[in-house]
Amino acid sequence: MAIFSRDNEQQKDVETIIGATVKVDGNFTGSGDVVVEGHVAGTLKTSKDLRVGEGAVIKADIEAANVFVAGEIRGHVKSNGKIELAPTAKIIGNVETQTIAVAHGAILHGKVTMAGHEMPPEAKDEKEK
Amino acid sequence: MSNYFYVFDSFLQEPKYRSELIKIETRLATLGIHGRAEKITILKNIQEAVREAIKRGTETIVVVGNDKTVSKILPEIVDHQVMLGLIPLGEPITIATDLGIPAGATACDVLSRRVVKALDLGKANSHYFILQVTAPAGAQILCDGKYTVQSLDPAGTMVINNLGRYDRVTNPTDGRLEIIVPGRTSGRGWFSRGSAAQASSVFAVKKARVTGDHAASSLILDGQVVVKTPITIEAVPRKLKIIVGPHRSF
Chain P
1 MAIFSRDNEQ
11 QKDVETIIGA
21 TVKVDGNFTG
31 SGDVVVEGHV
41 AGTLKTSKDL
51 RVGEGAVIKA
61 DIEAANVFVA
71 GEIRGHVKSN
81 GKIELAPTAK
91 IIGNVETQTI
101 AVAHGAILHG
111 KVTMAGHEMP
121 PEAKDEKEK
Chain S
1001 MSNYFYVFDS
1011 FLQEPKYRSE
1021 LIKIETRLAT
1031 LGIHGRAEKI
1041 TILKNIQEAV
1051 REAIKRGTET
1061 IVVVGNDKTV
1071 SKILPEIVDH
1081 QVMLGLIPLG
1091 EPITIATDLG
1101 IPAGATACDV
1111 LSRRVVKALD
1121 LGKANSHYFI
1131 LQVTAPAGAQ
1141 ILCDGKYTVQ
1151 SLDPAGTMVI
1161 NNLGRYDRVT
1171 NPTDGRLEII
1181 VPGRTSGRGW
1191 FSRGSAAQAS
1201 SVFAVKKARV
1211 TGDHAASSLI
1221 LDGQVVVKTP
1231 ITIEAVPRKL
1241 KIIVGPHRSF
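Protein sequence lines, in the order shown, are assigned to chains P and S. In terms of our numbering, the first sequence has 32 at position 32, counting the first letter as 1, and numbering is strictly consecutive. In terms of our numbering, the second sequence has 1045 at position 45, counting the first letter as 1, and numbering is strictly consecutive.
Errors might be hidden in some of the hints.
Said to hold, decoys possible - Lysine to aspartate or glutamate pairs mimicking DMTMM-like chemistry, simulated, CA-CA at most 25 Å apart:
#1 P:45 / S:1052
#2 P:59 / P:72
#3 S:1206 / S:1076
#4 S:1239 / S:1213
#5 P:82 / P:54
#6 P:48 / S:1052
#7 S:1228 / P:25
#8 P:78 / P:15
#9 S:1207 / P:96
#10 S:1228 / S:1109
#11 S:1206 / P:15
#12 S:1239 / P:54
#13 S:1207 / P:25
#14 P:45 / S:1076
#15 P:90 / P:54
#16 S:1228 / P:15
#17 P:90 / P:63
No lab work stands behind these hints, which were simulated from the structure alone. The model shown is predicted, which means the values in this text are computed figures rather than measured ones.
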C-alpha cells in the first residue's frame, strides 16, 4: 500500500491528488490511488487506495480498497480491505471494512461493521435479549 | 521511402541561426532524408505552405522552428494522414524537449531513426492543442460531467495538461488530460507537515467544461491561442502521428 507511506517518489504514481487549495463537489469516481488534502463534498469512490490527509475535510460517502485517514470525514466509509485511523482522524459516520486499525486519539462516531466476519450466534442472542 | 517536406519558420532568417541552418541542411543530406523545403517569408504564410504540401501528397512534414511554429501548423495537419517531424530551433521548444528531440542539427538523427508515436491531442471547442490550456483564476471545471473542481486560492490558475512536465509528467498516450491545480506555496515535500508544503492537485479526465467567474474569461492554449469561456475541453486519443526521440518524457 504505497499510498499509506510518505514517500514522495511513490506519491508521483497517485492518479488523483486533491490538494489543500482545492474544493471538489459532486460524484468523484476514480480507478487509481487517490490522495485528499483538501475539501470534498458528494461521493468519493475508487477501486484502489485512498489517503485522507490531516487537513482534509470530506463530507461524502466513501468507497475504496484500503483507506488511511488522518483528516475529517463526515459520511459512511466502506473499504474492501483495511481502514487505518491516525491519531488525528475524525470520522462521523458508519464504517464497513474487513480490517481496522485505530490509533490512540482517533475519533470514530458510528457503527463499525466487519465485512466477512459474521457475528457469532451468542452475540446475536445477547443483543436480542 | 517517405517523402519529406521541410518548412522553416520566418524568424530563422535572423543571422544568428545561419550556421545552424547550414548544419541542418548538411546533416539531412548526409542521412539521405532531405526533401522539398520552404522558407517562410512575409510573402507566404506557413499554413499555406503546409496546405500545399499536403495537397501534393507529402507524407512527412518537418517543422523547423519553435513551439509557436508547431502551434501554427497544427490545425492544418490534424485531419490529414501526415506525419509530423520536428527540428527545434529558437525558444521555447518545450514540445520537442518533451518528445525527446534535441535542438538543432542533432534532431536530424532522430528524424532519420523514425520512431513514431500516435499522440493524444487536446481539443478546446474547435481548437487543438499539444501541450496545455491555462485557465484563469476563479475558473470552475466540471470533470467528465460528474464533479466540479475549483481552486480555493483566489489568485490560483489551473492547467489542463496533455503533454509535458507540470509538477509531474503527463502521459500523452493514455487518452486522458490532467487537470493540475498548483499548491499555494512550494514546499519541502507534498506530505510534510506545516504551511510550507502544499500539494498540487491532479485529476485525470477525458472531458472538462471550464466556466469562468466573469462572463467571458480567457483560456490560453499552448501559450498562444486565446479562447473565451465557457469552453469544452476533451482528449482526442491518438490524433497526431509524430516522430519522437529516445529521451522523451513519457
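Verification of the hints:
1. For the given pair, residue 45 of chain P sits about 51 Å from residue 1052 of chain S by alpha-carbon distance, which is inconsistent with the 25 Å threshold.
2. Taken as a hint, the residue 59 of chain P and residue 72 of chain P pair is honoured in the structure, with Cα atoms around 8 Å apart against an allowance of 25 Å.
3. Simply put, residue 1206 of chain S and residue 1076 of chain S have alpha-carbon atoms about 24 Å apart, close enough for the 25 Å limit, and the pair holds.
4. Using a Cα cut-off of 25 Å, the hinted pair residue 1239 of chain S and residue 1213 of chain S is violated, with the two alpha carbons roughly 32 Å apart.
5. A hinted pair counts as satisfied when its Cα atoms are at most 25 Å apart, and residue 82 of chain P with residue 54 of chain P qualifies at roughly 18 Å.
6. Annotation: proposed proximity of residue 48 of chain P to residue 1052 of chain S is violated, straight-line Cα distance about 50 Å (limit 25 Å).
7. Of the pairs offered as hints, the one joining residue 1228 of chain S and residue 25 of chain P holds, with about 24 Å between alpha carbons and a cut-off of 25 Å not exceeded.
8. For the given pair, residue 78 of chain P sits about 20 Å from residue 15 of chain P by alpha-carbon distance, which is consistent with the 25 Å threshold.
9. About 33 Å separates the Cα atoms of residue 1207 of chain S and residue 96 of chain P, which puts this hinted pair outside 25 Å; it is violated.
10. At most 25 Å may separate the alpha-carbon atoms for a hinted pair to count; residue 1228 of chain S and residue 1109 of chain S exceed this at roughly 40 Å.
11. For the suggested pair residue 1206 of chain S and residue 15 of chain P, the alpha carbons sit about 13 Å apart, so the restraint of at most 25 Å is met.
12. A hinted pair counts as satisfied when its Cα atoms are at most 25 Å apart, and residue 1239 of chain S with residue 54 of chain P does not qualify at roughly 41 Å.
13. A distance of roughly 16 Å separates the Cα atoms of residue 1207 of chain S and residue 25 of chain P; the hinted pair therefore holds under the 25 Å criterion.
14. A hinted pair counts as satisfied when its Cα atoms are at most 25 Å apart, and residue 45 of chain P with residue 1076 of chain S does not qualify at roughly 41 Å.
15. Simply put, residue 90 of chain P and residue 54 of chain P have alpha-carbon atoms about 10 Å apart, close enough for the 25 Å limit, and the pair holds.
16. Restraint check for residue 1228 of chain S and residue 15 of chain P: the C-alpha separation of about 29 Å exceeds 25 Å, so the hint is violated.
17. The hinted pair formed by residue 90 of chain P and residue 63 of chain P meets the criterion: a straight-line CA distance of about 17 Å does not exceed 25 Å.
When held up to the earlier numbered hints, the structure conflicts with 1, 4, 6, 9, 10, 12, 14, 16 and fits the remainder.
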